[in-house]
Amino acid sequence: MGNKQAAFTESQLEQYQDCTFFTRKEILRIFRRYRDLDSDHIPKSYTRGEASRIKVPFEYIEKMPELKENPFRRRICEVFSEDGSGNMTFDDFLDMFSVFSEQAPQDIKAVYAFKIYGETVHPIKVNCCVFHQILEEADLDDDSQLSYMEFEHVISRAPDFLNTFHIRI
Amino acid sequence: MPVLYGLGMNVRTLDHKYPGQEAMSARACRRENLEYLRRKFGNDDNVRDDDDFLMPTDDEDATEEQILINIERQKEIISSIRKQPWRMKKKIRCLRMAQDYLSRYEGKLSKKRGYQEATERIWRKVKRELANFASFFIPWETRIKMIESYFGSVVASYFIFLRWLFWINIVLSIVTMSFVVLPEMIVGLPYGSVPRKTVPEPELDRAQHIATVWDFGGYLKHSVLFYGYYSDRRYLGKGGYQLPLAYFMVGIGSFVYSFAVILRKMADNSRQSKLSTGEDQFTFCWKVFCGWDSLIGQQETADNKFAAITTGLRVSMVVSIITMVFPVFFDLIGQMEKYHPRTMLRIMVLNLGNLYTLMIALFKKVNNLQNVTVAEHIQDVITDILSNKNQTDLVDVLTARAGVKEQCWETIVGQEMFKLSVFDMIATVVTTLIFDFLRGLFVRFANYCWCWDLEGGIPGYGEFGVAENVLHLIYNQGMIWMGAFFSPCLPLLNVLKLIALMYFRSWAVIMCNTPHQRVFRASRSNNFYFVLLLIMLFLSMLPTGYVMVSIEPSRNCGPFSGRRRMFDIISETVKNSFPGWFTIVLSYMSTAGVIIPVIMLLVMAIYYLQSMVHAYKEANNDLRMQLEYERTEGKRKVFEMSAGNKNNQDSPAARAVTNSGNPAGKPANPGTPSHPGPIPNGRVPSGASTLPPRFHNPGPRPNFTGIPFNRSMSSKVRYIPVRNYMNPYDGMILTPPIAPPRFRRVQYTPQPGTRLMAVPTANRAMPGVGSIRRSSTCSRQGSRPTSVLVPEGYELVQVHVDATDDGQSSQETSFVDDDFDDTRSNRSQSASRL
Numbered sequence: 066m067g068n069k070q071a072a073f074t075e076s077q078l079e080q081y082q083d084c085t086f087f088t089r090k091e092i093l094r095i096f097r098r099y100r101d102l103d104s105d106h107i108p109k110s111y112t113r114g115e116a117s118r119i120k121v122p123f124e125y126i127e128k129m130p131e132l133k134e135n136p137f138r139r140r141i142c143e144v145f146s147e148d149g150s151g152n153m154t155f156d157d158f159l160d161m162f163s164v165f166s167e168q169a170p171q172d173i174k175a176v177y178a179f180k181i182y183g184e185t186v187h188p189i190k191v192n193c194c195v196f197h198q199i200l201e202e203a204d205l206d207d208d209s210q211l212s213y214m215e216f217e218h219v220i221s222r223a224p225d226f227l228n229t230f231h232i233r234i
Numbered sequence: 049m050p051v052l053y054g055l056g057m058n059v060r061t062l063d064h065k066y067p068g069q070e071a072m073s074a075r076a077c078r079r080e081n082l083e084y085l086r087r088k089f090g091n092d093d094n095v096r097d098d099d100d101f102l103m104p105t106d107d108e109d110a111t112e113e114q115i116l117i118n119i120e121r122q123k124e125i126i127s128s129i130r131k132q133p134w135r136m137k138k139k140i141r142c143l144r145m146a147q148d149y150l151s152r153y154e155g156k157l158s159k160k161r162g163y164q165e166a167t168e169r170i171w172r173k174v175k176r177e178l179a180n181f182a183s184f185f186i187p188w189e190t191r192i193k194m195i196e197s198y199f200g201s202v203v204a205s206y207f208i209f210l211r212w213l214f215w216i217n218i219v220l221s222i223v224t225m226s227f228v229v230l231p232e233m234i235v236g237l238p239y240g241s242v243p244r245k246t247v248p249e250p251e252l253d254r255a256q257h258i259a260t261v262w263d264f265g266g267y268l269k270h271s272v273l274f275y276g277y278y279s280d281r282r283y284l285g286k287g288g289y290q291l292p293l294a295y296f297m298v299g300i301g302s303f304v305y306s307f308a309v310i311l312r313k314m315a316d317n318s319r320q321s322k323l324s325t326g327e328d329q330f331t332f333c334w335k336v337f338c339g340w341d342s343l344i345g346q347q348e349t350a351d352n353k354f355a356a357i358t359t360g361l362r363v364s365m366v367v368s369i370i371t372m373v374f375p376v377f378f379d380l381i382g383q384m385e386k387y388h389p390r391t392m393l394r395i396m397v398l399n400l401g402n403l404y405t406l407m408i409a410l411f412k413k414v415n416n417l418q419n420v421t422v423a424e425h426i427q428d429v430i431t432d433i434l435s436n437k438n439q440t441d442l443v444d445v446l447t448a449r450a451g452v453k454e455q456c457w458e459t460i461v462g463q464e465m466f467k468l469s470v471f472d473m474i475a476t477v478v479t480t481l482i483f484d485f486l487r488g489l490f491v492r493f494a495n496y497c498w499c500w501d502l503e504g505g506i507p508g509y510g511e512f513g514v515a516e517n518v519l520h521l522i523y524n525q526g527m528i529w530m531g532a533f534f535s536p537c538l539p540l541l542n543v544l545k546l547i548a549l550m551y552f553r554s555w556a557v558i559m560c561n562t563p564h565q566r567v568f569r570a571s572r573s574n575n576f577y578f579v580l581l582l583i584m585l586f587l588s589m590l591p592t593g594y595v596m597v598s599i600e601p602s603r604n605c606g607p608f609s610g611r612r613r614m615f616d617i618i619s620e621t622v623k624n625s626f627p628g629w630f631t632i633v634l635s636y637m638s639t640a641g642v643i644i645p646v647i648m649l650l651v652m653a654i655y656y657l658q659s660m661v662h663a664y665k666e667a668n669n670d671l672r673m674q675l676e677y678e679r680t681e682g683k684r685k686v687f688e689m690s691a692g693n694k695n696n697q698d699s700p701a702a703r704a705v706t707n708s709g710n711p712a713g714k715p716a717n718p719g720t721p722s723h724p725g726p727i728p729n730g731r732v733p734s735g736a737s738t739l740p741p742r743f744h745n746p747g748p749r750p751n752f753t754g755i756p757f758n759r760s761m762s763s764k765v766r767y768i769p770v771r772n773y774m775n776p777y778d779g780m781i782l783t784p785p786i787a788p789p790r791f792r793r794v795q796y797t798p799q800p801g802t803r804l805m806a807v808p809t810a811n812r813a814m815p816g817v818g819s820i821r822r823s824s825t826c827s828r829q830g831s832r833p834t835s836v837l838v839p840e841g842y843e844l845v846q847v848h849v850d851a852t853d854d855g856q857s858s859q860e861t862s863f864v865d866d867d868f869d870d871t872r873s874n875r876s877q878s879a880s881r882l
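Chains as they are written, first to last, in our numbering: chain Z, 66 to 234; chain D, 49 to 882.
In case anyone wonders, no lab produced these hints; they're calculated from the structure. Be aware that a few hints might be false.
[Stated by the list, open to error] Partial selection, computed: residues in chain D whose CB lies under 8 angstroms from chain Z: (1) I126; (2) K131; (3) P133; (4) R135; (5) I140; (6) F184; (7) F185; (8) E196; (9) I208; (10) F209; (11) L213; (12) C333; (13) V336; (14) N352; (15) L675; (16) G841.
[What the hints assert, rightly or not] Restricting the straight-line Cα-Cα distance to at most 30 angstroms, the calculated cross-link-like pairs of lysine-lysine (DSBU-like) are: (17) Z:K174 to D:K623; (18) D:K138 to Z:K90; (19) D:K137 to D:K123; (20) D:K173 to D:K138; (21) Z:K174 to Z:K128; (22) D:K623 to Z:K133; (23) D:K159 to Z:K133; (24) Z:K109 to D:K193; (25) Z:K90 to D:K159; (26) Z:K133 to D:K545; (27) D:K313 to D:K131; (28) D:K138 to Z:K109; (29) Z:K109 to Z:K128; (30) D:K159 to D:K313; (31) D:K159 to Z:K109; (32) D:K193 to D:K286; (33) D:K159 to D:K173; (34) Z:K180 to D:K138.
Predicted, not measured: the structure shown is a model, and the values here were computed from it. Every residue, glycine too, gets a C-beta built ideally from N, C-alpha and C.
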């Protein structure tokens, strides 16, 4: 299909389809969105491994309409970026939206939710009343900390979780 | 490749352990593969740098069996790779390795296997291409996304529901078109050839007036739109297409298909929500972790959402404070927080009543019509007989009268449904325009010269009422289902209607509505709307079913004319087209001797499944209470033991054992002012000698037979670090209660700046589950030697804490039994995780 497919080779697209929950059309659309973030520095064609080298700084990513109102956007980008700084390569970008997509199952969302919220729910960063309430409800072994098992136990029973942990792109 | 050799090794070991490994179930194999993945690549998502993994080796001596198993494993890995929480690089590498192995070893297999693999590969590719192709057909994605970002996922759910209904209607209309309408149009008799297909003489001059067209009369009445047009000839055209049979089957098939689709969607939804019993165990956590709707992309909506979440959190905190003080009010407030679908049910019942009234009125009219027609007919016949003695003329006259006079009640029903649908659309458009658009215009422009703030106060901008609109959609769909049998083109009309509704509503919502002030969640009602839709489908099916079974079809129009009942077409077809024995079998099957046992069997099956569900719910409940028990009572018991041992040192273990399995028994040591008594949550203020009276009587205790544990009685004590006992349940959350371990007393001298830890002796570096640590900080003043109870299998460790401490320290002293053992002290190790 001409220009659009010059962005990736066929095998790259197949790999992406195997590793994410997206179809080919969605992957190309996401690449277009990624390029729009910083079109000066991102080449049109990603066939030679640029996908894991070129990074877009966080300041551009947080201006995306999907993320700009999200209060956890910094933490989300830090979790998905390779070096934890928030600057994301296309691989990380794709990974992020794959986890947030509708087809992703609950367990993988729970893992990433724990990584994202785990940093946020810290007694210093959060109001102490809120923190104690959370511990009271979810802390099962009374160690004043929330482990992944406890978090997963709470989250898997929340009826809202799949709906709210979802970004449409 | 060590990995592959490792693969081979694994397989051999497995063979050794489980001789019948091929018999392992698919699920067990999948688990094995995932375990293997985790073991090889670990849970961390960082790519390892050693490239030894990529060196190829040959697995020549592996038998074909083992290669097959490996291949299966690789395929399993490939299909589950996207579910692993790894970075893209790691996933791609793992994928590439698996694919290399497959490409190398698949070719080595026997020819038959090779062909099988090739076909599977092609099939997978075809499936993927189909999926990619199908994704082109999802309409309105951008539109829904925009609405989501403005209004959140609740309002967007209406549009997603509309889109889903649109698909159902498309399928229904395609089926109807291809099996009923098109054959009739192509192969059936054209307009005007038969009296039933022609506009009768008296009506011809009015046939093109607006009033008639509005009523769907005239030419529209005698067209493929309605039941009356379809021919009743058994075989149509050259190919012998059986139209009446097709009509009947399509009618039934539409209902069956709709049922199947709705049930499948409901099953998907329930699977996702894990059938939580709806109990508000974790309301606070859910508000914190799931409160933010990630789809929101507009400032105003975000602000509203913030306000809502904060209010919600505040309310929850106030609620919990009130819980501590006034247990009685908790239930009341809890009730208010729950989602009340009662109002929705009222609207639903009203709508249904509406539709049913229409059906009853229609049936009355039909009956009247039939009676009137018959009466008139008889009158005319008698007049004709009396006036015209010629036989053949009489027959002609009678047939002419028959063709003209008798009306087609099914067509009338179809017309009514059509009219209803069209008027409903018009009404929706008009009401939306008036109540949202004009109101918005008025508020916007009159605000400049009005005394009070129109935008903020009354009347303000409209809010999108999700519930009313979804119910309107359900009502609309019910109408379609009711009328589809009498008017085959009704689903097609509905498709057009839904398209128009989608564009109109999305324009209206963006233009005239504001995001909700109260941001509420819709997920609880996910299945609720589908249940309503299911009920609507069932109730819409009833009139059609009744008509098919009990009412005689019109004699002069439609595909079933001349038959006694509509479903007679089935028995006719069976008699004509199937072998003789089939008819006999079918007639046996419809006798009471077969039907009644079948019904009894179904009733028993329902009863059995119901009791299974009940049993599972109870088991779930038991487990949940066990969890609560662990949280509160279990700790209390352990603490009692350690506290009680201040007095008698001789039998802590005995007391521990006797107290373990006795939930209903009272603790051995009720507690006196000088010794702490039973403490819920296992906490005691350090140095406290007296306790608030409520701690002495904790109230009703749970036992595992189902008596509900009164949650308001569990005291929510602020956590205060404990000095005097070590928690033996470290690292063992979510396991069934074990017999509490034996304890031994260890003397130690607390020193400032140190931390006490209980470390399992068997394995220092035991992989812990997440971040669990049991420790306590020594107070500054205590430097008298005290003792503490340490559970069996653990040793006490006093860790010197650095100034920049975050749990890591550099020095450790260890205490063994009652001695302060010099030889083992001052072991410098980094602190181990528990």
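Going down the list of hints, with the structure as the test:
A least Cβ separation of about 6 angstroms between D:I126 and chain Z falls short of the 8 angstroms threshold, and the interface hint therefore holds. Annotation: D:K131 was flagged as interfacial toward chain Z, and the flag holds, the nearest CB pair being 6 angstroms apart, inside 8 angstroms. Annotation: D:P133 was flagged as interfacial toward chain Z, and the flag holds, the nearest CB pair being 4 angstroms apart, inside 8 angstroms. Given the 8 angstroms rule on beta carbons, the hint for D:R135 holds: about 7 angstroms separates it from the nearest Cβ of chain Z.
Hint status for D:I140 relative to chain Z: holds, with the closest Cβ pair at about 6 angstroms, below 8 angstroms. With its C-beta approaching chain Z no nearer than about 7 angstroms, D:F184 sits inside the 8 angstroms limit, and its interface hint holds. A hinted interface residue such as D:F185 counts as satisfied when its beta carbon comes closer than 8 angstroms to some beta carbon of chain Z; here the least separation is about 11 angstroms, so the hint is violated. Taken as an interface hint, D:E196 checks out: its beta carbon lies about 6 angstroms from the nearest beta carbon of chain Z, inside 8 angstroms.
This hint is violated: D:I208 has a C-beta 10 angstroms from the nearest C-beta of chain Z, more than the 8 angstroms allowed. Interface restraint check: D:F209 against chain Z, minimum CB-CB distance 14 angstroms, threshold 8 angstroms, status violated. Evaluation of the D:L213 hint against chain Z yields a violated restraint, the C-beta minimum of about 19 angstroms exceeding 8 angstroms. With its C-beta approaching chain Z no nearer than about 5 angstroms, D:C333 sits inside the 8 angstroms limit, and its interface hint holds.
Checking D:V336 against chain Z: minimum C-beta separation of about 6 angstroms stays under 8 angstroms; hint holds. A hinted interface residue such as D:N352 counts as satisfied when its beta carbon comes closer than 8 angstroms to some beta carbon of chain Z; here the least separation is about 11 angstroms, so the hint is violated. With a cut of 8 angstroms, the hint placing D:L675 at the interface with chain Z holds, because the nearest CB-to-CB distance is about 7 angstroms. For the restraint placing D:G841 at the interface with chain Z, the shortest Cβ-Cβ distance is roughly 17 angstroms, beyond the 8 angstroms limit, so the hint is violated.
Among the hinted pairs, Z:K174 with D:K623 is inconsistent with the structure: their alpha-carbon atoms are about 58 angstroms apart, more than 30 angstroms. Between D:K138 and Z:K90 the CA atoms are separated by roughly 23 angstroms; this keeps the pair inside 30 angstroms, and the hint holds. Proposed proximity of D:K137 and D:K123 is supported: the alpha carbons are some 19 angstroms apart, at most 30 angstroms. In summary, the hint linking D:K173 to D:K138 is supported, as the alpha carbons are separated by about 24 angstroms, within the 30 angstroms threshold.
In summary, the hint linking Z:K174 to Z:K128 is supported, as the alpha carbons are separated by about 23 angstroms, within the 30 angstroms threshold. Simply put, D:K623 and Z:K133 have alpha-carbon atoms about 69 angstroms apart, too far for the 30 angstroms limit, and the pair is violated. For the proposed pair D:K159 and Z:K133, the alpha carbon gap of about 57 angstroms is over 30 angstroms, so the pair is violated. Distance check on the hinted pair: Z:K109 and D:K193 sit about 26 angstroms apart at the alpha-carbon level, within 30 angstroms; holds.
A distance of roughly 36 angstroms separates the Cα atoms of Z:K90 and D:K159; the hinted pair therefore is violated under the 30 angstroms criterion. In summary, the hint linking Z:K133 to D:K545 is not supported, as the alpha carbons are separated by about 36 angstroms, beyond the 30 angstroms threshold. The suggested pairing of D:K313 with D:K131 holds, with an alpha-carbon distance near 23 angstroms, which does not exceed 30 angstroms. As the CA atoms of D:K138 and Z:K109 are separated by approximately 25 angstroms, the hinted pair is consistent with the 30 angstroms bound.
For the proposed pair Z:K109 and Z:K128, the alpha carbon gap of about 21 angstroms is at most 30 angstroms, so the pair holds. With a C-alpha separation of about 42 angstroms, the suggested pairing of D:K159 with D:K313 is violated against the 30 angstroms cut-off. Pair hint D:K159 plus Z:K109 does not hold up; C-alpha atoms about 44 angstroms apart against a cutoff of 30 angstroms. Among the hinted pairs, D:K193 with D:K286 is inconsistent with the structure: their alpha-carbon atoms are about 51 angstroms apart, more than 30 angstroms.
Of the pairs offered as hints, the one joining D:K159 and D:K173 holds, with about 21 angstroms between alpha carbons and a cut-off of 30 angstroms not exceeded. For the proposed pair Z:K180 and D:K138, the alpha carbon gap of about 18 angstroms is at most 30 angstroms, so the pair holds.
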